[in-house]
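Make the full structure from the sequences, and use the hints.
There are 2 protein chains.
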Amino acid sequence: MPATEGSDESLVRGSVKKKILPDLETFVQGILAGDIVLLSRAITLIESTLPSHQELAEAILEKCLPHSGKSVRVGITGIPGVGKSSFIETFGNHLIDKGRKIAVLTIDPSSQLSKGSILGDKTRMETLSRKKEAFIRPSPSGDSLGGVARKTRETIFLCEAAGFDTILVETVGVGQSETAVYSMVDIFLLLLIAGAGDELQGIKRGIMEMADLIAITKADGENTMRANRAKSETISAVHFLPSHESGMKTEVRTCSAHTGEGISEIWSEIQTFISAIKETGYLDKKRKEQAKHWLHESVQAMLLDDFHSKLGEEFEKEEDRVVQGLSGSYQAARKLVQSYKKTDTIR
Amino acid sequence: MPATEGSDESLVRGSVKKKILPDLETFVQGILAGDIVLLSRAITLIESTLPSHQELAEAILEKCLPHSGKSVRVGITGIPGVGKSSFIETFGNHLIDKGRKIAVLTIDPSSQLSKGSILGDKTRMETLSRKKEAFIRPSPSGDSLGGVARKTRETIFLCEAAGFDTILVETVGVGQSETAVYSMVDIFLLLLIAGAGDELQGIKRGIMEMADLIAITKADGENTMRANRAKSETISAVHFLPSHESGMKTEVRTCSAHTGEGISEIWSEIQTFISAIKETGYLDKKRKEQAKHWLHESVQAMLLDDFHSKLGEEFEKEEDRVVQGLSGSYQAARKLVQSYKKTDTIR
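Residue numbers (my numbering), protein chains in the order written: chain A, 2 to 348; chain B, 2 to 348.
I should point out that these hints are in silico values taken from the structure, not numbers from a laboratory.
Errors might be hidden in some of the hints.
Which copy is meant is left open, because identical chains are indistinguishable; a pair holds if it fits in one copy or across any two.
[As the list claims (entries may be wrong)] Derived DSS-like pairs: lysine-lysine, alpha-carbon spacing no greater than 30 Å straight-line:
1. Lys311 with Lys289
2. Lys293 with Lys343
3. Lys336 with Lys71
4. Lys286 with Lys336
5. Lys336 with Lys311
6. Lys287 with Lys311
7. Lys232 with Lys133
8. Lys64 with Lys343
9. Lys232 with Lys279
10. Lys336 with Lys64
11. Lys293 with Lys342
12. Lys318 with Lys133
13. Lys279 with Lys318
Printed below as a string of structure tokens:
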């Protein structure tokens, strides 16, 4: 697969060779048949800012939606250095050995700066990226976490329609991206590393509360004992957290991406968890709530984007008045919303 | 002061006696002269949902804004049971003895249920509520935290215009109301109680990170030693937190609302803090950023309120389609925003 496959460059700028955009039916049939090239190009359409691309992307998504939803969606988080890429490499290969097809997606809002996520870099998941049962896609870029997350969520649906039955959504483990991932997955896996100050890794930011499953990484060699101690400490810490709406208890495991120790147990835990919440009806409830949540998020993002794109200068003027204490925030907001309502409709 | 003074009932329903609404100039002159009855009634206008009241409230606020901003705004939080009311009672009386005029406001989003905040209840601050140098106002009710917070923030400006030089904004200490208070005060004081499981009181929810100053309450009698130990532990915990943008270090103190021990030291700490951030220019920067934040919040709230009030039924229909997987969140959002843009403008 060439390095530029599915990248914006090949599709939008066409500086090397202008590709002809397939039509809707070609895209949909291709994706449903598991065509990776068409899947990649459809995702690029989702990520594109060109209105014509967005329109086509929405049409593709609408046709693929009825074929989506059949995967296990796993969120994976942990601070930088915890070994997320190594974990996903080993874990992904294990899943493929079990006969599964996996898609690895990333949410990294900082990728707006670097134009492409370092975490999604295929060179960091070398053996996995060479397998046809794995589809690795770096984080979309975007000017807001909401936008980045929305694109990733839509990519999940396309990957599912293309036959991937396990979706791993990785976050960078800093900032607010965990909440975004949490709102699009079935199970949330927190990776911790022994001895890095547990309170700084998760408890403090409330991420531990979100975790359905916790794995202490790098439990190998002389680090094994420390990992086991961290496991015990984490089990104690988990007791203090409020119970999950799922009714499930947060399990804690150790694992090593290097030796493979504990990796199959983590997959077993995930399967047990998914079976249980399927049975109680919680999975269905959760996915429905997530869909509602994203509708609300999308409305909000779209309204605010449209508002700012149409009122750019007027907004800045009012903002200055508010900062100088010449106008109240609420009064200024009313004036701006009134102006906004007079602007053209959106596409 | 009769119990219904400034309440919606006396103003809106007029079931007991219909009061004639003073005009804009009367309100403004009265507030600037420190007239508590007119201040109360103006706040009631801010809280009212009647368009005519809102319009008058906005006009009053606009006229008062240039006279606001001269107070010290203190946010106070802590879990239920930490003794917030007792602390404010003792602390407030101490400030009055020092010659200050204090307004006590509350943000309690749950008051939408109880129609009036139990925390703002004057019977819980008995001696304070009888003093003319103190103005105590319970939490406004509202259907969203954003709405409740916005009203409280506007109330701050009116109280300042009326000559109150110290504003205490109390939160219920559960949920998200801390963030709202944080975005409207100059200094954020976290009250902790010894032995109640510190991690559950603050660290876990990231509230400790927001605190500029921490006080361990109920440091009296046989509890003194426990409070001192909690103080040491808290000092250690604070070391692990990221440093404040203010450049200031989080101080930790003990106090007793019962004996008054430590109360004057807390006020000294607040004064030191405020002087320091005035000198560095951080206070000015912070207030400007808060004003911007509230403009953004207000725009967002107003757009979404207007959107939902105009699209109620259509929104529910689309939501159902999204939940059933018949439509994507983004596509549905686009359709809804298109419909919304065609609706009438706002007042």
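Taking the hints in turn, this is what the structure says about them:
1. Lys311 with Lys289: Result: close only across copies, 24 Å inter versus 33 Å intra.
2. Lys293 with Lys343: This pair counts as both: shortest intra-copy Cα distance 29 Å, inter-copy 23 Å.
3. Lys336 with Lys71: between (47 Å within a copy, 27 Å between copies)
4. Lys286 with Lys336: The answer is between: 25 Å across copies meets 30 Å, while 40 Å in one copy does not.
5. Lys336 with Lys311: Both: 14 Å inside a chain and 18 Å across chains, each within 30 Å.
6. Lys287 with Lys311: between (36 Å within a copy, 28 Å between copies)
7. Lys232 with Lys133: For Lys232 and Lys133, the Cα distance exceeds 30 Å both inside one copy (35 Å) and across copies (58 Å).
8. Lys64 with Lys343: Result: close only across copies, 28 Å inter versus 34 Å intra.
9. Lys232 with Lys279: within (28 Å within a copy, 47 Å between copies)
10. Lys336 with Lys64: Cα proximity of Lys336 and Lys64: across copies only (17 Å, versus 41 Å in one copy).
11. Lys293 with Lys342: both (25 Å within a copy, 21 Å between copies)
12. Lys318 with Lys133: neither (54 Å within a copy, 41 Å between copies)
13. Lys279 with Lys318: between (53 Å within a copy, 26 Å between copies)
Of the hints listed earlier, those the structure fails to meet are numbers 7, 12, in rising order.
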